[in-house]
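*Asks:* Sequence:
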Amino acid sequence: MEDFFADRLFRALELGDAQPGSLLLAAPGMDLNFRSRSVVFIVEQTPSHTLGVVLNRRGDVAVANIMEHLVPLVAKPQAFYVGGEANRDAVVALGVLKTGLSPADISAVPFLRYLEHRIVVIDLRAPVEEIQQYVESIRLFAGFVEWAGSELEEELGMGYWYATSALASDIIAPGNVDLWAEVLRRQPMPLPLFATFPADLEDN
1 MEDFFADRLF RALELGDAQP GSLLLAAPGM DLNFRSRSVV FIVEQTPSHT
51 LGVVLNRRGD VAVANIMEHL VPLVAKPQAF YVGGEANRDA VVALGVLKTG
101 LSPADISAVP FLRYLEHRIV VIDLRAPVEE IQQYVESIRL FAGFVEWAGS
151 ELEEELGMGY WYATSALASD IIAPGNVDLW AEVLRRQPMP LPLFATFPAD
201 LEDN
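In my numbering, the protein residues as written are 1 to 204.
Careful: at least some of the hints might be erroneous.
[Stated by the list, open to error] Derived SDA-like pairs: lysine to any residue, alpha-carbon spacing no greater than 20 Å straight-line:
hint, residue 1, residue 2
1, K98, E85
2, K76, E151
3, K98, R57
4, K98, G157
[As the list claims (entries may be wrong)] Beta-carbon label-pair distances, calculated as ranges:
hint, residue 1, residue 2, range
5, A64, E151, 34 to 42 Å
6, S102, I66, 17 to 25 Å
7, S36, H69, 17 to 25 Å
8, K98, E151, 35 to 43 Å
Bear in mind the hints are in silico, worked out from the structure with no lab data behind them. Ideal Cβ placement from N, Cα and C applies to all residues, glycine included.
Please take these sequences and the hints and turn them into a complete structure.
*Replies:* Below is the structure:
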């Protein structure tokens, strides 16, 4: 069954590249550790590694309990998301630029790194008042996903992931949104057909 769905996603890989600022959607039926129905946003890529965070794994820890000063900026639900199994003590902050700001407007801002479609990586050592000048909303992720060397390329080649572009709304999606299905629905055919693939085949 996994090969059946992975084959179709593999043929659709030409629609997008896995690079910083893009999304990886777990192939339907894939069950590799935590990755089932995962939506991973790629944050960083070098010849030696690729780093990303899982966008759709809300955690149980409220931001107010750890970083209360950031609460006014955090999109609801205001909890830390589980970005991945690697380095769970590290916090990755992604934000959405205020409407009207362009990459050129923040090119000299040292605590912001622009990726795509108004999405930025934020250095949380900056004062929250300064972050608020540029960013309208943020999401905080504990931990990240990491691939060494060519591991991600190999997984893409096996059809484990479908790479596509991200929207700012993906980063701060409400907790009640099935982000995996929503991203699939906006893809070219035949990808939307897989949006109703159940999390558990016994539910079908």
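*Asks:* Failing hints, ascending?
*Replies:* Structure breaks hints 1, 2, 3, 4, 6 and 7.
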